[in-house]
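J.: Residue numbers (this note's numbering), protein chains in the order written: chain G, 1 to 165; chain A, 1001 to 1127.
By construction, these hints were calculated from the structure, which means they are not laboratory data.
Bear in mind that the values here come from a model prediction, so they are computed numbers and not experimental data.
Please note that the accuracy of each hint is not assured.
Facing chain G, a subset of chain A residues (Cβ under 10 Å, in silico) [stated by the list, open to error]:
hint: 1; residue: 1029
hint: 2; residue: 1075
hint: 3; residue: 1108
Sample of chain G residues at the chain A side, in silico, Cβ under 8 Å [said to hold, decoys possible]:
hint: 4; residue: 24
hint: 5; residue: 89
hint: 6; residue: 93
Cβ atoms here follow ideal geometry from the backbone N, Cα and C, with glycine treated the same way.
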Amino acid sequence: MTLSLRDSAHLVSDPEKLSLSVLEVFGTMLGVECEPVESCASQPPVGAAESVTAVVGFGGILSGACVITCDDMSARHIASRMTGMAFEALDDVVKDAIGEICNMVAGAWKSRVPDLAANCGLSVPAVITGRDYNLHMQSPEFRVVRVYRFDAANFQVAIVCDELL
Amino acid sequence: MREIQALIVDDSSVMRKIVERSLRQAGLESLVVVEAGSGVEGLETLKAKRVDLILSDINMPAMDGLEFVRQLRNQQLAEGVPVVMITTESSEEHVNQAIEAGAMGYIRKPFTADQVKQKILSLLPKA
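Okay, chain G solo, but in the shape it has when bound (with noise of 0.2 Å):
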């Protein structure tokens, strides 16, 4: 019998998944407890400010993607929590570092649904920077969207599903 998420589907897009994974990466790695921020689900914190994004693929029984985004004020004090170390600029460590943070939350996140666990596949982070740019995700089944925050740090976390079998 092939293995179907189908029957499944409301699992995958519960976004208290989400949250559960965000909260536990959050806590571990950096020592900190983030809140969902509501009110500002619909609103990407990106715009002319230079900001980053890290993507790693789903790829399997589900195809999509994990995707934060943040600015580079976040960004750095995201990296700052995480390796005890200060950053002036939004460098390759920093970088490296919310591409990290996407990589276990994209994995936190798969491990809360059996099936998908041993079925779905993770990418390397990819990691962009930049102002004004838009990242582009044709028609996806479905997408989970929120926003946290800890001390000053916002940050938006989507799971994008583009095609789950």
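With the hints as your guide, set chain A onto chain G.
T.: Positioned in the frame of chain G, the structure of chain A alone reads:
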């Protein structure tokens, strides 16, 4: 305490530093860390250097961590040296793949320093 030479293989420099910090927090004060940014680099390091412990990511470009462990075991580059995989992949299937490849331990990211300590101390020979 005797000196412990540890090889940390991860394409992320940030994760290499975090793993090193966790090892030091585990009480391995006499620790010498050798870093490799890929499986290929890790194999080259092992051809030139004897280590006591290897910690490797799985999801890496070019040569993933599973292939790295298979090759180091096939080439007998680290006979009897414990290899611990540190990865976001946590299914039973992934753990089994790592064990079959030759790993002796598995730590899921995100991890705490205490989890690293428990795993490492259970694998290192008692002084």
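J.: Next, verify each hint and record whether it holds.
T.: The hints, checked one at a time:
1. 1029: violated, 18 Å
2. 1075: violated, 25 Å
3. 1108: holds, 8 Å
4. 24: Because about 6 Å separates residue 24 of chain G from the closest Cβ in chain A, which is inside the 8 Å limit, the hint holds.
5. 89: Hint on residue 89 of chain G: violated, closest Cβ of chain A at ~16 Å, above 8 Å.
6. 93: holds, 6 Å
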